[in-house]
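There are 2 protein chains.
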Amino acid sequence: MKQVKKVAIVGTGVIGASWAAFYLYKGFSVSAFDPAENAQENLKNRVSIYLQDLFELDQIADFKQARNDLLDKLHFCENLVDAVKDADFIQENGPERLDLKLSLYQEMTENCPVNTIIASSSSGLKVSDIQQSSKHPERIVLGHPFNPPHLLPLVEIIGGEKTTQNYIQDAFDFYRELGKKPIIIHKEVKGHVANRLQSALWREAFYLVSNGVCSAEDIDIAITNGPGLRWAIYGPYLNMQLANQKGFKTAMHHLGGPMMEWWGDMHPYQLDENEIEKLDQETAQFLEKIGEFDLQGKRDEALIEILSMRKKLQLP
Amino acid sequence: MKQVKKVAIVGTGVIGASWAAFYLYKGFSVSAFDPAENAQENLKNRVSIYLQDLFELDQIADFKQARNDLLDKLHFCENLVDAVKDADFIQENGPERLDLKLSLYQEMTENCPVNTIIASSSSGLKVSDIQQSSKHPERIVLGHPFNPPHLLPLVEIIGGEKTTQNYIQDAFDFYRELGKKPIIIHKEVKGHVANRLQSALWREAFYLVSNGVCSAEDIDIAITNGPGLRWAIYGPYLNMQLANQKGFKTAMHHLGGPMMEWWGDMHPYQLDENEIEKLDQETAQFLEKIGEFDLQGKRDEALIEILSMRKKLQLP
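Protein sequence lines, in the order shown, are assigned to chains A and B.
With the first sequence counted from 1, adding 29 to any position gets you my numbering.
With the second sequence counted from 1, adding 29 to any position gets you my numbering.
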């Protein structure tokens, strides 16, 4: 893979801005483009906050000057061509609409170097679809982060039908060298991996509340005082390994029967406007009980603490 | 509710021992019974380790004498009757078999005070079934913890058909005053709440690996570097609230469509011996890569750190 000095951020909403902060912090020059109104100003403000998170994660207290130096390496461009024309790596964060992606990728691939990897942050679309009308589609990959990307290490990578293996491996190595935790997905499935896992939990969380089993608050209490605490430490496989002193297989022999019974009791669940309204009212009640509380700020503070703890204990 | 001074622990395996440590630490006298061989010795050893966790959670460094004093209040009884006859609260952790539970509850309820609450740690059985042949079944509730109970705050409470509301409320207040995070479940569903949520995630985690989408290691990386980090902070409802700057309803309008597509793509999945074998081999590969590592010790260390962080940030 060629040496990356300049990263282009295409689409500078919440996800794009978070990626921009991450790449700046890792020492890259960043060129950015977004056609939205006030995009430049919003980007600068967001990146400034996200950079602070990153300094705090590394326990650097006196970061004012360093932050200003990094912000000097952020260039907002007047148009897409200027942003991508000499970029060594492109992180794309456009809207989740295939028609928009198709024209965006066409314009990007006609104007950036032929061997520049383009990684899409798309959470829903398939690379095989996105790359259809691109020049040199072999270097287009999924580079799907988890929100907020400047803090959460996960990046999901997969190629489309026209992507070649070397670019997938290059993208994997690139993210890993920057300290991310990339995984390579081997089959294109809807929602990739983490969103499928997450939405499986959401479905049952919605079903239980919708059917009066418990409140939205109860669901959140159950997760954050039960299994959620363990999922920040180990994933489903290592947790199953620990569910029995003899390890995974014995745990599965004990738990498999009951689990299949629970699965059999999980009824199909569909969202519609009425359902969303009902769940929103449940959430509103919970929020009212919480009262004044900076949910997002505290979340990011907590994320930084958990990430530091994971590093300290060298968790796998 | 009557004042609780003495708690009986019936069944002193891993869960029972963890409960015993918790109640001792909270100042109760604990009488315990289990018919298994070496039960008394195993209990003492486990309680001793778990007490250390609790002292560490409260950042008490010099705890040797205090621990010995607490251990003096643990009484292993020769038979069930002695353990429960003057107990003010009973935490039952017997095997998950209805026939065994029925005779156990019959003997307990014939020999303990009539208004002593009996809380079952059962993860699979319904209270309505357990309480069938009990004397004064109105005081029998579910008090389902999450492993390890001495550290994880969640307790799921529900009554059976014959349980009266006052005992459910008393159990809730009792656990809450001890610093637990109890929730009251309003309908008896298989697996209660947290196990259903957890098993929904496990199902998709098994499905994806079984179908070659990614490895067991990838699943665990995805969770512990993505959504799992957030679930230790907020549950599914508050995370959805933060998924859009305008809050829950707008987030659902954006994510609802894609989520329903992912749900539609989640195929029924069944476990059998072949599947368990396949998943076990996947897990074994992951474990081999991790190498020498005290999984359980590190998990509990990490749990203590996350719980302290949650307290410090006063997370809801």
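Heads up, a few of these hints could be off.
Treat identical chains as interchangeable: a pair holds within one or across any two.
[What the hints assert, rightly or not] With a straight-line cut-off of 30 Å between C-alpha atoms, the simulated DSS-like cross-links for lysine-lysine are: (1) Lys219 - Lys275; (2) Lys307 - Lys55; (3) Lys216 - Lys318; (4) Lys34 - Lys55; (5) Lys275 - Lys307; (6) Lys102 - Lys155; (7) Lys340 - Lys327; (8) Lys327 - Lys164; (9) Lys209 - Lys275; (10) Lys164 - Lys318; (11) Lys219 - Lys34; (12) Lys278 - Lys327; (13) Lys318 - Lys210; (14) Lys275 - Lys35; (15) Lys307 - Lys164; (16) Lys73 - Lys318.
By construction, these hints were calculated from the structure, which means they are not laboratory data.
We went through each hint and held it up to the structure:
1. In this assembly of identical chains, the alpha carbons of Lys219 and Lys275 lie at most 30 Å apart only when taken from different copies (26 Å versus 35 Å within one copy).
2. In this homomeric assembly, Lys307 and Lys55 never come within 30 Å of each other (Cα to Cα): the closest approach is 44 Å inside a single copy and 40 Å across copies.
3. Proximity of Lys216 and Lys318 under a CA criterion of 30 Å is satisfied inter-copy only: 23 Å between copies versus 43 Å inside one chain copy.
4. Taking the shortest alpha-carbon separations for Lys34 and Lys55, only the intra-copy value of 10 Å comes in at or below 30 Å, while the best inter-copy value is 58 Å.
5. Taking CA atoms no more than 30 Å apart as the test, Lys275 paired with Lys307 passes between copies only; the shortest distance there is 17 Å, against 44 Å inside one copy.
6. Taking CA atoms no more than 30 Å apart as the test, Lys102 paired with Lys155 passes in neither setting, with 32 Å inside one copy and 62 Å between copies.
7. Both within a single protomer and between protomers do Lys340 and Lys327 lie at most 30 Å apart by alpha-carbon distance, with minima of 20 Å and 12 Å respectively.
8. In the homo-oligomer, the alpha carbons of Lys327 and Lys164 never lie at most 30 Å apart, since the shortest distance is 44 Å inside one protomer and 49 Å across protomers.
9. When the C-alpha separation of Lys209 and Lys275 is checked against a cutoff of 30 Å, the pair qualifies only between copies, where the shortest distance is 29 Å, while the shortest distance within a copy is 33 Å.
10. Taking identical chains as interchangeable, the C-alpha atoms of Lys164 and Lys318 are never at most 30 Å apart, the minima being 54 Å within one chain and 39 Å between chains.
11. Taking the closest pair of Cα atoms, Lys219 and Lys34 never come within 30 Å of each other, the shortest separation being 33 Å inside a single copy and 55 Å across copies.
12. When the C-alpha separation of Lys278 and Lys327 is checked against a cutoff of 30 Å, the pair qualifies only between copies, where the shortest distance is 21 Å, while the shortest distance within a copy is 39 Å.
13. When the C-alpha separation of Lys318 and Lys210 is checked against a cutoff of 30 Å, the pair qualifies only between copies, where the shortest distance is 16 Å, while the shortest distance within a copy is 36 Å.
14. Taking the shortest alpha-carbon separations for Lys275 and Lys35, neither the intra-copy value of 50 Å nor the inter-copy value of 33 Å comes in at or below 30 Å.
15. Taking the shortest alpha-carbon separations for Lys307 and Lys164, neither the intra-copy value of 47 Å nor the inter-copy value of 41 Å comes in at or below 30 Å.
16. Taking the shortest alpha-carbon separations for Lys73 and Lys318, neither the intra-copy value of 34 Å nor the inter-copy value of 42 Å comes in at or below 30 Å.
In summary, the structure is inconsistent with hints 2, 6, 8, 10, 11, 14, 15, 16 from the numbered list given earlier, while agreeing with the others.
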